[in-house]
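> Sequence:
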Amino acid sequence: MENPVLLPSGIHFRNYCLDDNNEKRVQTFLDTLFDPHQSLSITIEKHLTTIKSYISGGQPFEEFCKEVRKYNGSVLCGFVWTNTTISYRCRTCATNPCMSLCPDCFHNGNHYGHDANMFRSVGGGICDCGDITVMNSNSFCKHHGSNRIPNAHIPYKLIRCTQVLLPRLILTL
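Numbered by this note's numbering, the letters in the sequence shown go through residues 658 to 830 in order.
Just to be clear, a hint being listed does not mean it is correct.
[Said to hold, decoys possible] Lysine-lysine pairs mimicking DSSO-like chemistry, simulated, CA-CA at most 27 Å apart:
1) 681 with 799
2) 703 with 681
3) 703 with 723
4) 799 with 703
5) 681 with 709
Hints in this document: simulated from the structure, not taken from any laboratory.
Between the sequences and the hints, there should be enough to build the whole structure, so can you do that?
Shown next as structure tokens:
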């Protein structure tokens, strides 16, 4: 019987991923994590925290997601939220009464002195920043719309673990 492989922490996994000499070791960890004898649902149930830690390179997953979003080059925000998320609506800028903004876009937009409100979403939603069909373009934040400030390329060290892990996760589907 083979010795079981102990899975490293997210930070150690990141260090292994950044060192090309550890490719075989990383694949062994992924083989253990994504055991072909287990269904994906069981793997996720057992290892969701580890998978998220590996994707984020050991930093808190929400912080990682926020950092990655800084490099999104899309004209539209499209941030999706679930219920109980704080969202904003600016009636001054809206061309559609259902327009909603995520906190980052609202605070980085031009809404000072506007008829705006903060609300807790009860059914989920999506940020409309950058979408000219639901809001005036002069109220987009600096990251969205046709006049957005372009972002630099996403750093290799930030996404390397994701590049290594996601193909295995997808192949497990």
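> Run through the hints listed earlier and report the numbers of any the structure violates, in increasing order.
Checked against the structure, the hints that fail are numbers 1 and 4, while the rest are satisfied.
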